[in-house]
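Number of protein chains: 2
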Amino acid sequence: SPGTGAPRPTSPTCSQYFFFSSSDLLPAKNGEEPTMQFLLEVMDILTNYVRKTFDRSTKVLDFHHPHQLLEGMEGFNLELSDQPESLEQILVDCRDTLKYGVRTGHPRFFNQLSSGLDIIGLAGEWLTSTANTNMFTYEIAPVFVLMEQLTLKKMREMIGWPNGEGDGLFSPGGAISNMYSVMVARYKYFPEVKTKGMSAAPRLVLFTSEHSHYSITKAGAALGFGKENVILLSTDERGRVIPADLEAKIISVKQKGYHPLFVNATAGTTVYGAFDPINEIADICEKYNLWLHVDGAWGGGLLMSRQHRHKLNGVERANSVTWNPHKMMGVPLQCSAILVREKGILQGCNSMCAGYLFQPDKQYDVTYDTGDKAIQCGRHVDIFKFWLMWKAKGTTGFEEHIDRCLELSEYLYNKIKDREGYEMVFEGQPQHTNVCFWYIPPGLRDMPPGDERRERLHKVAPKIKAMMMESGTTMVGYQPQGNKVNFFRMVVSNHAVTRSDIDFLIDEIERLGNDL
Amino acid sequence: SPGTGAPRPTSPTCSQYFFFSSSDLLPAKNGEEPTMQFLLEVMDILTNYVRKTFDRSTKVLDFHHPHQLLEGMEGFNLELSDQPESLEQILVDCRDTLKYGVRTGHPRFFNQLSSGLDIIGLAGEWLTSTANTNMFTYEIAPVFVLMEQLTLKKMREMIGWPNGEGDGLFSPGGAISNMYSVMVARYKYFPEVKTKGMSAAPRLVLFTSEHSHYSITKAGAALGFGKENVILLSTDERGRVIPADLEAKIISVKQKGYHPLFVNATAGTTVYGAFDPINEIADICEKYNLWLHVDGAWGGGLLMSRQHRHKLNGVERANSVTWNPHKMMGVPLQCSAILVREKGILQGCNSMCAGYLFQPDKQYDVTYDTGDKAIQCGRHVDIFKFWLMWKAKGTTGFEEHIDRCLELSEYLYNKIKDREGYEMVFEGQPQHTNVCFWYIPPGLRDMPPGDERRERLHKVAPKIKAMMMESGTTMVGYQPQGNKVNFFRMVVSNHAVTRSDIDFLIDEIERLGNDL
Numbered sequence: 001s002p003g004t005g006a007p008r009p010t011s012p013t014c015s016q017y018f019f020f021s022s023s024d025l026l027p028a029k030n031g032e033e034p035t036m037q038f039l040l041e042v043m044d045i046l047t048n049y050v051r052k053t054f055d056r057s058t059k060v061l062d063f064h065h066p067h068q069l070l071e072g073m074e075g076f077n078l079e080l081s082d083q084p085e086s087l088e089q090i091l092v093d094c095r096d097t098l099k100y101g102v103r104t105g106h107p108r109f110f111n112q113l114s115s116g117l118d119i120i121g122l123a124g125e126w127l128t129s130t131a132n133t134n135m136f137t138y139e140i141a142p143v144f145v146l147m148e149q150l151t152l153k154k155m156r157e158m159i160g161w162p163n164g165e166g167d168g169l170f171s172p173g174g175a176i177s178n179m180y181s182v183m184v185a186r187y188k189y190f191p192e193v194k195t196k197g198m199s200a201a202p203r204l205v206l207f208t209s210e211h212s213h214y215s216i217t218k219a220g221a222a223l224g225f226g227k228e229n230v231i232l233l234s235t236d237e238r239g240r241v242i243p244a245d246l247e248a249k250i251i252s253v254k255q256k257g258y259h260p261l262f263v264n265a266t267a268g269t270t271v272y273g274a275f276d277p278i279n280e281i282a283d284i285c286e287k288y289n290l291w292l293h294v295d296g297a298w299g300g301g302l303l304m305s306r307q308h309r310h311k312l313n314g315v316e317r318a319n320s321v322t323w324n325p326h327k328m329m330g331v332p333l334q335c336s337a338i339l340v341r342e343k344g345i346l347q348g349c350n351s352m353c354a355g356y357l358f359q360p361d362k363q364y365d366v367t368y369d370t371g372d373k374a375i376q377c378g379r380h381v382d383i384f385k386f387w388l389m390w391k392a393k394g395t396t397g398f399e400e401h402i403d404r405c406l407e408l409s410e411y412l413y414n415k416i417k418d419r420e421g422y423e424m425v426f427e428g429q430p431q432h433t434n435v436c437f438w439y440i441p442p443g444l445r446d447m448p449p450g451d452e453r454r455e456r457l458h459k460v461a462p463k464i465k466a467m468m469m470e471s472g473t474t475m476v477g478y479q480p481q482g483n484k485v486n487f488f489r490m491v492v493s494n495h496a497v498t499r500s501d502i503d504f505l506i507d508e509i510e511r512l513g514n515d516l
Numbered sequence: 001s002p003g004t005g006a007p008r009p010t011s012p013t014c015s016q017y018f019f020f021s022s023s024d025l026l027p028a029k030n031g032e033e034p035t036m037q038f039l040l041e042v043m044d045i046l047t048n049y050v051r052k053t054f055d056r057s058t059k060v061l062d063f064h065h066p067h068q069l070l071e072g073m074e075g076f077n078l079e080l081s082d083q084p085e086s087l088e089q090i091l092v093d094c095r096d097t098l099k100y101g102v103r104t105g106h107p108r109f110f111n112q113l114s115s116g117l118d119i120i121g122l123a124g125e126w127l128t129s130t131a132n133t134n135m136f137t138y139e140i141a142p143v144f145v146l147m148e149q150l151t152l153k154k155m156r157e158m159i160g161w162p163n164g165e166g167d168g169l170f171s172p173g174g175a176i177s178n179m180y181s182v183m184v185a186r187y188k189y190f191p192e193v194k195t196k197g198m199s200a201a202p203r204l205v206l207f208t209s210e211h212s213h214y215s216i217t218k219a220g221a222a223l224g225f226g227k228e229n230v231i232l233l234s235t236d237e238r239g240r241v242i243p244a245d246l247e248a249k250i251i252s253v254k255q256k257g258y259h260p261l262f263v264n265a266t267a268g269t270t271v272y273g274a275f276d277p278i279n280e281i282a283d284i285c286e287k288y289n290l291w292l293h294v295d296g297a298w299g300g301g302l303l304m305s306r307q308h309r310h311k312l313n314g315v316e317r318a319n320s321v322t323w324n325p326h327k328m329m330g331v332p333l334q335c336s337a338i339l340v341r342e343k344g345i346l347q348g349c350n351s352m353c354a355g356y357l358f359q360p361d362k363q364y365d366v367t368y369d370t371g372d373k374a375i376q377c378g379r380h381v382d383i384f385k386f387w388l389m390w391k392a393k394g395t396t397g398f399e400e401h402i403d404r405c406l407e408l409s410e411y412l413y414n415k416i417k418d419r420e421g422y423e424m425v426f427e428g429q430p431q432h433t434n435v436c437f438w439y440i441p442p443g444l445r446d447m448p449p450g451d452e453r454r455e456r457l458h459k460v461a462p463k464i465k466a467m468m469m470e471s472g473t474t475m476v477g478y479q480p481q482g483n484k485v486n487f488f489r490m491v492v493s494n495h496a497v498t499r500s501d502i503d504f505l506i507d508e509i510e511r512l513g514n515d516l
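Going line by line, the protein sequences match chains A and B. The opening residue of the first sequence carries number 1 in our numbering; numbering runs sequentially from there. The opening residue of the second sequence carries number 1 in our numbering; numbering runs sequentially from there.
There's no promise every hint is true.
Just so you know, same-sequence chains aren't split out, so a pair can sit in one copy or run between any two.
Subject to a maximum C-alpha distance of 30 Å in a straight line, what follows is the list of computed DSS-like cross-link-like pairs (lysine-lysine) [unchecked claim]:
1. 362 x 484
2. 463 x 256
3. 463 x 99
4. 463 x 52
5. 415 x 362
6. 29 x 99
7. 362 x 227
8. 459 x 362
9. 52 x 415
10. 362 x 99
Everything labelled a hint here was simulated from the structure, so no lab data went into it. Just so you know, these numbers come straight off a predicted model, no measurement behind them.
Bound-form chain A, shown alone:
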């Protein structure tokens, strides 16, 4: 029944939405026409948003504080109520949700490792939503299960594992993929932990770079190792693990009677974009019989580029690899893979053989029911958009994308490395698209080094960032690192970015930061 008591004609037009509510849509009787009309209206809102996202005259965001949005903007009220709203209002809500959000696909959004709005990927995600199914069995996701298998195999081939053999899963993000790697490593060396718990193993120690992503330590805490058994490795000036430090720390741990289990080498650190020397780390892992994981959440995409894949040399020696197509490859969120060299070990580690899902007496080959390998039960279909993009671009299209992003960051690096008012956070050309730098406002340029300058410089990036967000012109990340005060971290993964956008960012930093 309609949201109001007003009479309505049988064939609705757009302006008649006011009279309709969600209960008039399918599966309601005569619901087909209002449903199609409503979905076309939604599509109109979405395609307009897409169009404007690529238009540089559109703002990246229309910033409001939490209390402002909570108090309610004109016509946009976040509160939920007992009574239904009209479809008219639902369409307004959709428009406003986009209006007050952040355009992560805008060519001047540089804030996160994942950015951009790939049209094919978007279409793929719309289709995935429409199919609304679940990855746990071939029974209800036959096509997606096979796409996942074929795609993971291609990824393993690119890693360099013989014939692309091995195993893998798409998981809800790099942190969970990294967590899988720790779980599988523990199962490989101490399978009895699955049954008996951590007390069945000696004190197990994990190693990862001080520059690595926090998810390794988070996994250590969650899985029962404890944060203090996740040992942080020293890095060189450019953020790469020093292999000798790894070896020294393994020896020290062994001397204490603990058991070194696992090393994470990062291919593309979050802040510096550094690539740890995988081959040297692999030598040490082999010598001491440790599991080697490569966290290529950010840098894995470089395997697609003949020019840049050498930065991951040795990755084929890893026991497991995390690789997030939703970062460097521009696939819509979420799309993260955990890849494992040894077949069957994910299943061994995680299987619980639930009878209601994984019946052995189905009519098809049940080895395609892959759900029991996961720590999830239901699992979102993350594969389709990626598969579709791969089809549409080919491997060569991803390669072009990656080479182009790296060229753009080289352009930025060359532009600012000797420019007045800039200091680079580390020496030399970045390995990935990460360009880390301080902008020094004119008023600080003549200050002597020391605490006062440090304190003032520490406040520059947050202030510029706040002004950027309030004017809505661009967004770029900043953070401190170790004893280094706040600096900007520029990254490029959006295929819409051009040199003019890089120039714009620098102009904007100087415009906003000039008087600080």
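Start from chain A and add chain B according to the hints.
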């Protein structure tokens, strides 16, 4: 540049797709028109799919074996290649992906706890894909972060926690939500495990029903407790935990010197749809000082119904609750909440304070940056579709949906409970929409009880299911449970289902099973 060398006009029309490739789409120069055209074509494919999903003359699925799909159907090849495909082919791939999939929104798809295709939810998910952002900070998801907070608060109010106070997160599915509950319980009683690992605590024991979802045991294995420290509780004939058995097992564990930590009470078990007696279990948890979690992944939705919420009486005494709107409430996949009564404990348990994301010196109130509470880093936006559905239906709309689904399963129960050829798996009216039954083909009806009859009966459900899938007419789940041979588990969560669909299922079972 186009996929072929053929000349092309500047203003494309549909039939000219043959000449276009993904590199002609935005952000390409003059990409706007092909982009809009392409997205409209995709939308046409999707709206056709939606329309047909609700049409009972459409098959639920067009079954093929894995090897058939892998060999390639006409014009549909799953293999990925180095070279791009034309947009024309991409559209064919989209059509074929849907053609060979399973229509989980079809009124005769009863295979899973999550089913149905809600039009508002679908629109919400399309918008989410288009916004393509990430939940970790207010900075890049201001509207979604606030929607999540408001919605979780409403859910906590429905649970009955004073003023809806507490904490929570949307997570990638019920298994992960249940895993959070175990992590948080451990942190509450043994916070030092976060730093020192499981060796800092005594041997910790978890309790859950033998009918509960396998994710509790899976969490026990993953988090380092070990499967054998997850103790399964006995249930009554209808699948509900026997409180006396819980108390006896707690005492026994304590006598061995282990530490009872956590009890999971299930509100709506996967197979029987049983609701554990929460109040009696809560009494025991209070007496022995254990964490009480309620897994309402399946049954949580009943809190929306004044008629049925009494089945969760006592849920307000839980320390944490899992509730999946993507199951009983018809929200598209994935949408699962973990709700925690004590504020701040999720943060305490999981925070790692990554400097590059959670800068304390932002210009807005950073308590809205909720990402550090999660075990994920990036987190998919699961809230919007649910928020939009709540707006569109109101609480009363969800209530109607739930009452209706339960009425339909009561209709099924009444129809078959005394019908010739049917045996109910448990006595009495089901508590949830789960109706569990054996169909006994005429040839088995006169057989005496015993192994031979059991063996033959065990094969009936799989055979009928295989025939259903091959004819594509309907889908319903089956499984064994304990010493009970394969039986059908019927569930209803799709708002498109009517009594005629229930009748159809029964007719179909009898048609296919008559000669077995």
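Hint check results:
no., hint, in the structure
1, 362 x 484, "between (59 Å within a copy, 18 Å between copies)"
2, 463 x 256, "neither (47 Å within a copy, 59 Å between copies)"
3, 463 x 99, "within (24 Å within a copy, 53 Å between copies)"
4, 463 x 52, "within (28 Å within a copy, 54 Å between copies)"
5, 415 x 362, "between (62 Å within a copy, 28 Å between copies)"
6, 29 x 99, "between (34 Å within a copy, 25 Å between copies)"
7, 362 x 227, "between (44 Å within a copy, 27 Å between copies)"
8, 459 x 362, "between (63 Å within a copy, 10 Å between copies)"
9, 52 x 415, "within (29 Å within a copy, 56 Å between copies)"
10, 362 x 99, "between (49 Å within a copy, 22 Å between copies)"
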